[in-house]
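Protein sequence lines, in the order shown, are assigned to chains P, E, G and R. So the first sequence is numbered by our numbering: it starts at 6 and just counts up by one. So the second sequence is numbered by our numbering: it starts at 6 and just counts up by one. So the third sequence is numbered by our numbering: it starts at 6 and just counts up by one. So the fourth sequence is numbered by our numbering: it starts at 6 and just counts up by one.
Simulated from the structure, these hints should not be mistaken for laboratory data. In this text, all values refer to a predicted model and were calculated from it rather than measured experimentally. Heads up, none of these hints are tricks.
Identical copies look the same in the list; a pair holds intra-copy or inter-copy alike.
Capping the alpha-carbon separation at 35 angstroms, the derived lysine-lysine pairs in DSBU-like fashion look like this:
1. K266 x K143
2. K269 x K106
3. K59 x K266
4. K119 x K149
5. K119 x K56
6. K59 x K111
7. K47 x K76
8. K266 x K47
9. K84 x K269
10. K37 x K266
11. K236 x K56
12. K149 x K7
13. K241 x K37
14. K7 x K236
15. K241 x K59
16. K7 x K59
17. K236 x K59
18. K7 x K84
19. K241 x K56
20. K84 x K56
21. K208 x K129
22. K59 x K119
23. K149 x K59
24. K47 x K244
25. K266 x K56
26. K76 x K106
27. K106 x K84
Residues per chain, in single letters:
There are 4 protein chains.
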Amino acid sequence: MKDVQNEYDSRGIDIQKVGIKNFDIPLNIRRKNSSNQIVYAKAGISVSLPKEYKGTHMSRFVEVLTEWQTKDMLGSDLKGCLVSVINRLSAQSGEMFLEFKYFIDKEAPVSHQKSTMCYDCYFKCILNDYNTENELYKFTLGVKVPVTTLCPCSKEISEYGAHNQRAIVSVEVSYDRNEHIWIEDLISEIEQCASSSIYPLLKREDEKFVTETAYNNPKFVEDVLRDVVLKLRENKIVKEFEVECESIESIHNHSAWAYQKEFK
Amino acid sequence: MKDVQNEYDSRGIDIQKVGIKNFDIPLNIRRKNSSNQIVYAKAGISVSLPKEYKGTHMSRFVEVLTEWQTKDMLGSDLKGCLVSVINRLSAQSGEMFLEFKYFIDKEAPVSHQKSTMCYDCYFKCILNDYNTENELYKFTLGVKVPVTTLCPCSKEISEYGAHNQRAIVSVEVSYDRNEHIWIEDLISEIEQCASSSIYPLLKREDEKFVTETAYNNPKFVEDVLRDVVLKLRENKIVKEFEVECESIESIHNHSAWAYQKEFK
Amino acid sequence: MKDVQNEYDSRGIDIQKVGIKNFDIPLNIRRKNSSNQIVYAKAGISVSLPKEYKGTHMSRFVEVLTEWQTKDMLGSDLKGCLVSVINRLSAQSGEMFLEFKYFIDKEAPVSHQKSTMCYDCYFKCILNDYNTENELYKFTLGVKVPVTTLCPCSKEISEYGAHNQRAIVSVEVSYDRNEHIWIEDLISEIEQCASSSIYPLLKREDEKFVTETAYNNPKFVEDVLRDVVLKLRENKIVKEFEVECESIESIHNHSAWAYQKEFK
Amino acid sequence: MKDVQNEYDSRGIDIQKVGIKNFDIPLNIRRKNSSNQIVYAKAGISVSLPKEYKGTHMSRFVEVLTEWQTKDMLGSDLKGCLVSVINRLSAQSGEMFLEFKYFIDKEAPVSHQKSTMCYDCYFKCILNDYNTENELYKFTLGVKVPVTTLCPCSKEISEYGAHNQRAIVSVEVSYDRNEHIWIEDLISEIEQCASSSIYPLLKREDEKFVTETAYNNPKFVEDVLRDVVLKLRENKIVKEFEVECESIESIHNHSAWAYQKEFK
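Bound conformation, chain P alone:
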């Protein structure tokens, strides 16, 4: 059967990225202090394509991902998956994006009742000029952490009460392949920067606690952002980070938002 993808292309354009997107796949992630967790990832994976070739071979991306389904992953070891894809497709560079829901047991602050909380997370990795002297590998871990923000201005100017709301703190960090940051630890650091942490299960004594904690820690999106930035600047493993805080304002139909990106 003819291999149309392999035909010569005369347009002379090296394609930077070509591959598949929105591919659902179960993966096996190593957890901190616990057994592995199967996660359901939405995957995107691509390679570079030299100008001589009409097309890439899409089925090979699926083959490689299918082989990696049963591996025991630690995020940063995804380099191996990109190397397989690059070899199988005779490419020079490759990228992968895996987003998934991750579940962590969480204890209510006073009653200590346990329940399971869900966080949106992702792994992003890039491998450029593989096996050349310019080889570059970059791994990024991303988490989206729901928290409470309570408005300092509203608290100050009102006789009583203060508007508060759910906010999403999105953080992504890059670090070297021989280092490791646990999802559990990154989330826990972020939760400490909000007006209050949030929980799936709160009994009445817990609800009193989180209400008062938030009132005692009023924070603008700017405050949450700055506190997260301070923590990430101090973290020696982190080489590069991006922080976003989006507050689903309870008094408006839009969000308050702050953003920072830094390299070390």
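With chain P fixed as given, assemble chains E, G and R onto it according to the hints.
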């Protein structure tokens, strides 16, 4: 050219609804006390198909919607559009769903500064057994109104503060074709049932006002629901209604939710 | 600490449904011919609330779902979960909705290469008037199956080719608690009704096969719908069903759509 | 009333971007060869915040956007809006993002019947170091164009037929403030690069035409990408561009995808 849709189908199955979905179209809606508003609707429209026919003629739905683009609509007059579709396709029954963003000018409560607030709305209409003695026409208006809810339990048990958040009150009402309910009026009634109304633009004096108003009017989703139900029971034009209140809890990553449907 | 929810409410309104929504939780589903699968469900769960009470106790829904996390579920046995919720909240009626991604191994039609395909599924269950003579329990299984549709009209009128596209066939079926339908079997029946089944992994010989299969089986959304309806009418376990076919037309920016609901 | 935002912040962190997001607003866009079009934009707008200040003043973003509602916009003139925001908030830099649906009349290729087609578009603009010698203004226009792709491999290896599907070509272009590219022209150029253009309304003779056109122009995502890249390289106004083609494969449940970004 052969008309495949018109061929005889031997499976003997009358199809209840067949048509198009996710069709984007600009429409022209009559506003209360103001000039018309062009809205961008996502439309779904369908008819019944007798068992003899293999298929309906999809392009005719688009033709009829295109003709109605320039009309001056008042929701309940959509019967005319359904009649066109039913006639054009020799059907007996038809349905239409139009969802769109609707903009209303809103004044801040203390500073009286004006801005424009956006609400998700929809029209739904059904015409069954057209032109027979069993003919039934039903029009439904739906609105989704963002508001603030402040938790009565949290206020009661805490020394200070109370968790609050954005909540969405979704209401749909049905009424006779010769009656009319303005979107503006329905929204305004719903906003009065929350802990506080929300606004696009609030200066400091307004923020103090909405913060204190919410603190003085603590409401569970159950409370908002019951207050909306009372208003709709009293409204003589409304023949049937459905109310939902979903509160985007600031202390959890899930929603509190209440629902009611009533016929008169 | 005061129990605000337990206070007397004077508005005299029995609430039909109150509970939580958008709650993420891992669950353990029994599979056909295989070990269990952990799925990540988005849960909604609610009860009725008598007019005397101001509010329900939201944390108890989370407690019951947390207890059910480790159970070995078969869909229809969710009655037990609703009974727990109803008892814990002294309610009469309850409802639950669990939607989740479900993964099934699938073999390519010619090369027989294996990969994993993902389907959106849901369980819905209702328990009304629990422990009375009017008790009613209803369980519904829903699946969304992506397939290919190839247009019979386009094939007929064109010299060569025919437009085709991805379509989503959504089916929900209700059956008695002592009966059982495997997700795997329901999906497989639906896939046989399309122009062609779709696959995560196709080598060249497979691609030739699915292309020619679809061309040999042109089907409108009406055809897919009718063939699924025939299968479900014949299935003796199914007491009630709903079928939708939405075709993401390749020649338009909207969908073709057909719908049927039947009771036996 | 105290101005909490204006207080001194001791953390010493200059914030790169702070503002509002998901703000819905009607805007007035100039069209090619036609009267203006009111569009409903989802807006994000932000400024830089020096380390001395605790917070920005969120209501001023809404005030400025509200003033711009009635202007007659041409995309690139959004610099004026950013200047207002920067001045009103004593900032140095600002950014704005406006995404909206844009409607264009389109004629069927053979019957010449007219209907209205909807495209997702956006304006993005950045103004850095305003009023300094390093001032930088950058305007970006983005469009998402649905088209048909027909697979060259499937056509080649199959006896008859070829799988085809809807694909989305996303293009963004940057150009100088004194230049102009009409949305209508950019979309029309992109549509010429696909296997076939798509239409809201097609009569039978049109359907034959688009089916045969697509069959005669088989294109991988790589082909569409390369053809768009060639056009944009030739366009002298464009200084920088980004192209993505995502094909909603009819034989898979995932997408094929290609991406390119170039500076001139």
